[in-house]
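Visitor: Sequence:
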Amino acid sequence: MLHLRGVVADLRIIGLLGIVTLLFACHTPVIEQAFPDQSLNLITPWEAGSTGDAASQGVAQALTRELEQSVEVVNRSGANGIYSHAAILNSQSDGYTLGILSVESTINHWTGITSVNYSRYTPLALMAVHPGAITVRYDAPWQNIHDLVATLAENPGSLTASGTYYGGIWDLNRIGFLEAAGLDPSVLLWQPSSGATPALDELFTGNVDVIFTSFDDVDSLHTIGQVLTLSVMSNRRVPSAPSIPTLKELGFDYASDGQWLVIVAPTGLPNARIELLRVALWNISKKTEVRRSFALAGFQPYFLTGSALTSFLEEENMRNGMLVDRAGLSLQ
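Going by numbering that gives the first Met the number 0, the sequence shown opens with residue 0, and the numbers climb by one from there.
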């Protein structure tokens, strides 16, 4: 496994991509040499103007230059990713419609609200992740994660957290963190919210004590001292705040990359087009402008493809399935 400047790749896949590139140059049939010869669509689950949309636009603009064909972002927000994931699944499998899978593709199907899940697509590349964080008020009585855990152990049910809807990724992160601390999820009550902004409002007014959100949602507030972020929940420290430790560094065996951006295609896409698109995504993942667009949207560049990406999705699915069950929301 190779890890360079936030880019992770399966060495076997890099070798394969090199071979495929050579094959395209020398032996690819004329019909594939012409691909793509028209504009492409990139279906995203995030609404226009959101950070997820900004990251999607960065990918689309870079692909436009790489493929020399226009790539247009199509926003299909709503229903926690179900609308967009269904739109990708129902698209023609010709390589001209790509889509972004969000983490909800490893969550929603466990609750029974949809049968669509990550395994029903052709995965091309993980481009970036959006890690979560555990945050309290700047004047909270807990100045570190161990103080918070001690309070929860001594006074279960006395504190309330928020950050998303029941069973959303940040709620699942709460459950994963508490179990890693040896605590039952019930010790920290959950107040559902429609996102980080209302959760922060509740934190500032004292209606909740802790919030679980993406780090990007609290980064600027942490920087100016209005909130205190006790830990990030990813496998790596966040580049914009390298002093904030991960949960694993603090002794809690739990990590989650939070939200993520995986480029997929419908199943049945010809292998030659799959490999051409993987090469294109690998190429743009190294571009400064793409990495900058991710950073501005609060995402961390993190590239996976091939077997490494398959393993990533399977692990995310199994962990989130277990956490959905612990939340009492599993219908499977």
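To be clear, the hints were calculated from the coordinates, so they are not data collected in a lab. Source: prediction; values computed, not measured. Backbone N, C-alpha and C define an ideal beta-carbon position, used for all residues, glycine too. A couple of the hints might just be wrong.
To be verified - The following label-pair restraints were derived from C-beta to C-beta distances:
1) Asp93 with Thr159: 18 to 26 Å
2) Asp93 with Lys247: 40 to 48 Å
3) Ser310 with Pro238: 19 to 27 Å
4) Ala78 with Gly48: 42 to 50 Å
5) Ser193 with Ala86: 17 to 25 Å
6) Pro191 with Ala152: 51 to 59 Å
7) Ile273 with Ser219: 20 to 28 Å
8) Gly111 with Ser69: 25 to 33 Å
9) Phe203 with Glu248: 27 to 35 Å
Visitor: So the hint says 18 to 26 Å: do the beta-carbon atoms of aspartate 93 and threonine 159 match that?
Guide: With a Cβ separation near 49 Å, aspartate 93 and threonine 159 fall outside 18 to 26 Å, so the hint is violated.
Visitor: Measuring from beta carbon to beta carbon, are phenylalanine 203 and glutamate 248 in 27 to 35 Å?
Guide: Taking Cβ atoms as reference, phenylalanine 203 and glutamate 248 lie about 28 Å apart, which means the hint holds.
Visitor: Range hint 19 to 27 Å: satisfied by the CB atoms of serine 310 and proline 238?
Guide: Holds, since serine 310 and proline 238 (Cβ atoms, about 24 Å apart) stay within the stated range.
Visitor: That 40 to 48 Å hint for aspartate 93 and lysine 247 (C-beta), does it hold up?
Guide: Hint holds: Cβ distance 43 Å, inside 40 to 48 Å.
Visitor: Per the hint of 42 to 50 Å, is the separation of the Cβ atoms of alanine 78 and glycine 48 within bounds?
Guide: Check failed, 18 Å falls outside 42 to 50 Å.
Visitor: Mind checking the hinted window 17 to 25 Å against the Cβ distance between serine 193 and alanine 86?
Guide: 23 Å, holds
Visitor: A range of 51 to 59 Å was offered for this pair. Does it hold for the Cβ distance of proline 191 and alanine 152?
Guide: Once the Cβ atoms are compared, 24 Å apart, the range 51 to 59 Å for alanine 152 and proline 191 is violated.
Visitor: I want to verify a distance hint. Is the separation of the beta carbons of isoleucine 273 and serine 219 within 20 to 28 Å?
Guide: 39 Å, violated
Visitor: Does the beta carbon distance between glycine 111 and serine 69 stay inside 25 to 33 Å, or does it fall outside?
Guide: Cβ of glycine 111 to Cβ of serine 69: about 39 Å, so the range 25 to 33 Å is violated.
Comparing the model with each earlier hint shows violations of hints 1, 4, 6, 7 and 8; every other hint is respected.
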